[in-house]
Amino acid sequence: MGQRIWPVLGAAVATLFLVLVSDLAPFLTLLGHLLTPFPAAWVHMVAGAWSGVAVIGLSAGMLVFSGGLGEAGGYILHFGIGSFCLPFLLRKKWPWDRAVAVTLLVVTLSAALFFAGYALRGEEKIVARQVAAQLEEAKRISAEAAMPPEQQAELEKILEWMATFVRRAYPALTVASNGLMLLFVLLLLNWAPGVGGRIGGTDFHDWTVSPWLIWGLIGGGFGTLFGGGLVETVSLNLLVVVVPVYYLQGLAIITFFFWKKHTALWLRFVGYLLAALLNPVPLLVTGMGVFDMWIGFRTPKIKKQG
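Quick note on numbering: the sequence shown equals residues -7 to 298 in my numbering.
Treat each hint with caution, since some may be false.
[To be verified] When the alpha-carbon atoms are kept at most 20 Å apart in a straight line, the in silico EDC-like pairs for lysine to aspartate or glutamate are as follows:
no., residue 1, residue 2
1, Lys252, Asp195
2, Lys253, Asp198
3, Lys131, Glu148
4, Lys149, Glu128
5, Lys131, Glu152
6, Lys131, Glu146
7, Lys85, Asp195
8, Lys253, Asp195
9, Lys131, Glu142
It is worth saying that the hints were derived from the structure and are not from the lab. Predicted, not measured: the structure shown is a model, and the values here were computed from it.
Using the sequences provided together with the hints, build the complete structure.
As structure tokens, this is what we get:
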């Protein structure tokens, strides 16, 4: 019994630390959000479901005292559900991609029910208020930067466009960010001690998306370009969800060539960094993921004898 208590306590303290760091240090918010589900998920993988539930419950309890019920509820909704469902399915020998997809669906439905509850209470503009507050904060920071008036005006136009985009695509952006978080947790679990061999499914360098997904990309593209009103908004949200999946397949193709050529780790790191940050490389990686359906980048090419 004592052997299980210490990992649970340690994981709960680590979770509390990550949540507080995300709240108190804005420049670490992204990293904190990516890491927050990991402690509970790791304990769940190595010690079982009840230990994972204990970490989530203890973390939520400590957050009630440090930040109130809202902070604890936000943790459970945003991180707790995913940090339970993902390791639960992985321990059931589900392939990693299906486990991530189903966990993402559960988290998304939970968030949808939460926002539906707010809408029933007449508070459906919660997202618009959050975006407006962030926009005003960004404008305030840019005003303090003492830029020339022309650059200031151009920056404000860009900020207004971004705010409009976020308001329209907020559901899909939430799905995409949660998917990124779950994939990051999966990667950490794959590296973590005590988890080796428990994550099933196709090796990432061989992973492919369903060929049927291309119709989502085509439909979303046409709806965004030629639709209007609700059709355009739904199509835009569909694109925001589908495009990152093809980017992920593009990364799988890059990983395949790294694996095939036995590329050194530091070169792989540089390659992934470029694929994530250097324009237009992310667009090229996404294109590789889309056209892999027809080109077959990982299919051995048979040279003609002539």
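Checklist entry - Against the structure shown, which of the earlier numbered hints fail to hold, in ascending order? => result As far as the earlier hints go, not one is violated by this structure.
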